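Novice: Chains as they are written, first to last, in numbering that gives the first Met the number 0: chain A, 0 to 246; chain B, 0 to 246.
Worth flagging that the hints you see were computed from the coordinates, not collected in a lab. Just so you know, these numbers come straight off a predicted model, no measurement behind them. Any given hint might turn out to be false.
What the hints assert, rightly or not - Listed next, with one range per pair, are the computed distances between beta-carbon atoms:
hint, chain 1, residue 1, chain 2, residue 2, range
1, A, P215, B, K24, 17 to 23 Å
2, A, R244, B, K24, 24 to 30 Å
3, A, A126, B, D161, 46 to 52 Å
4, A, K166, B, M209, 28 to 34 Å
5, B, D96, A, E211, 36 to 42 Å
6, B, S94, A, M209, 32 to 38 Å
7, A, P215, B, E53, 54 to 60 Å
8, B, E107, A, P165, 52 to 58 Å
9, B, K228, A, P215, 46 to 52 Å
10, A, K166, B, R179, 35 to 41 Å
11, A, M209, B, T242, 29 to 35 Å
Glycine residues also receive a C-beta, built at the ideal position from the N, C-alpha and C atoms.
Number of protein chains: 2
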Amino acid sequence: MAASNELVTAAILVIGDEILSGRTKDRNIGYIAEYLTAIGIDVREVRIVPDVEEEIVGAVNALRARHTYLFTTGGIGPTHDDITADCVAKAFGVSIDVDPRARAMLLEYIKPEDLNEARLRMARIPAGAELVPNPVSKAPGFWIGNVIVMAGVPTIMQAMLDQVAPKLNTGVRMLSETVRADAREGDVGGPLGEIARRHPEVSIGSYPFMTEEGRPNTNLVVRARDPEKLAAAVAEVEAMVATVRRT
Amino acid sequence: MAASNELVTAAILVIGDEILSGRTKDRNIGYIAEYLTAIGIDVREVRIVPDVEEEIVGAVNALRARHTYLFTTGGIGPTHDDITADCVAKAFGVSIDVDPRARAMLLEYIKPEDLNEARLRMARIPAGAELVPNPVSKAPGFWIGNVIVMAGVPTIMQAMLDQVAPKLNTGVRMLSETVRADAREGDVGGPLGEIARRHPEVSIGSYPFMTEEGRPNTNLVVRARDPEKLAAAVAEVEAMVATVRRT
Chain A
0 MAASNELVTA
10 AILVIGDEIL
20 SGRTKDRNIG
30 YIAEYLTAIG
40 IDVREVRIVP
50 DVEEEIVGAV
60 NALRARHTYL
70 FTTGGIGPTH
80 DDITADCVAK
90 AFGVSIDVDP
100 RARAMLLEYI
110 KPEDLNEARL
120 RMARIPAGAE
130 LVPNPVSKAP
140 GFWIGNVIVM
150 AGVPTIMQAM
160 LDQVAPKLNT
170 GVRMLSETVR
180 ADAREGDVGG
190 PLGEIARRHP
200 EVSIGSYPFM
210 TEEGRPNTNL
220 VVRARDPEKL
230 AAAVAEVEAM
240 VATVRRT
Chain B
0 MAASNELVTA
10 AILVIGDEIL
20 SGRTKDRNIG
30 YIAEYLTAIG
40 IDVREVRIVP
50 DVEEEIVGAV
60 NALRARHTYL
70 FTTGGIGPTH
80 DDITADCVAK
90 AFGVSIDVDP
100 RARAMLLEYI
110 KPEDLNEARL
120 RMARIPAGAE
130 LVPNPVSKAP
140 GFWIGNVIVM
150 AGVPTIMQAM
160 LDQVAPKLNT
170 GVRMLSETVR
180 ADAREGDVGG
190 PLGEIARRHP
200 EVSIGSYPFM
210 TEEGRPNTNL
220 VVRARDPEKL
230 AAAVAEVEAM
240 VATVRRT
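Hey, can you work out the whole structure from these sequences and the hints?
Specialist: Below, the structure written as structure tokens:
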């Protein structure tokens, strides 16, 4: 993992009708977002699109142009509705065919007599892509340009992300500190905005929640890459909170 | 709720740094998607963007142009990082100010002496918008053009959606039937693709899962608006599955 002082950003593209119909609840976005944040990559945008070629191609091209990396999940299985690999090939303007390396990986898991046309779809890889090994069920993901194509099944996606992470360029990690206000959001909003204006390089978020006793409370999350700037803003937030905290 | 034969589509826009950092896991997308699907509105696209004006304005304008409705969640609280209302006003090119109706709603919940500048932010509503009542904590959402702006806190968002739903135009409900294959996805992929090609007005999805006994299995989900077309495709899927089902 090569850390740099440059900002490294990412987008996530989730592909699948079943997420848009609400039939399947996505569990990958939050996982990938937390994972990338922890290693110094800022997730800036997420999209969910249906299993429709022009939607996938359009989103891949829009997002790969805007971010250091684009991570996709879903649509690389053996059935007719799995069209992600073909769409990524189209987005890059490269050919796609059964990749001998991917075919060999499938044969670690699938008997040769079971390697039918449907399963061979999972070995279709755009020309020029690197494979992303799949320790769970062998059918690989792939990496082409700045686009990393992963499975939609969470356990497989997570294993693929572990394979990819050591090879990613990462930036300075975003540091974060949470101050519990013990006050309602509306009571801290005014002074918090003033602190935010005084610390333009620090990001301050305000997140209301209910305590176990059912009382409204607020977490103030202060984020910055520079530990000194973070500490200065946190000190001001803590001092402010001490004055408005309900007694 | 006015049902029509026309296709009614929607996009969902989730606004908030805390979702992109993975700190907060989104629970609204799946809920809204399932809810809208059930009343005959097709969710076609979802985006998650940070608390950044140009990103929010850009996404609002892109999505409201493409779909019958756009539903947003997040960013309508009392703190400086809540900029959704201002961004929606900007996207529509209308002014925004404290709305007397919204102010009156806040005063049902908040004592006049507690209605400070931060809390009054929650009464800032773009000119020409209808209010969406908030039975939970009073601060309203709003509806302008085809954009419905809701809170990010799931309980409040859900209550707002209940308020809005009876006023939405809805299309013919998508019908859905699930056939459990009792086979691996790769075993049904070939014949399933042929069935899908023979039924172009029916959408067929294939979703692998693990049984409780740890065996790979597959759900085949057949979807259509026309019950006869649905039944015809389901019959073919069931006949196909009977021939490949593992014995």
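Novice: Next, verify each hint and record whether it holds.
Specialist: Evaluated hints:
Range check, P215 (chain A) to K24 (chain B): Cβ separation about 21 Å, and the 17 to 23 Å hint holds. For the hinted restraint 24 to 30 Å between R244 (chain A) and K24 (chain B), the CB-CB distance of approximately 28 Å keeps it satisfied. The given range of 46 to 52 Å is respected by A126 (chain A) and D161 (chain B), whose C-beta atoms sit roughly 51 Å from each other. The hint said 28 to 34 Å for the Cβ distance between K166 (chain A) and M209 (chain B), and at roughly 29 Å that hint holds.
Look at D96 (chain B) against E211 (chain A): about 38 Å separates their beta carbons, and that is inside 36 to 42 Å. For the pair S94 (chain B) and M209 (chain A), the beta carbons lie near 34 Å from each other, so the given range of 32 to 38 Å is met. Restraint check, P215 (chain A) to E53 (chain B): a C-beta distance of roughly 32 Å breaks the suggested window 54 to 60 Å. The hinted window of 52 to 58 Å between E107 (chain B) and P165 (chain A) holds, with their beta carbons roughly 55 Å apart.
The supplied range of 46 to 52 Å is met by K228 (chain B) and P215 (chain A), whose beta-carbon atoms lie about 50 Å from each other. For K166 (chain A) paired with R179 (chain B), a C-beta distance near 39 Å keeps the hint of 35 to 41 Å intact. The hint said 29 to 35 Å for the Cβ distance between M209 (chain A) and T242 (chain B), and at roughly 54 Å that hint is violated.
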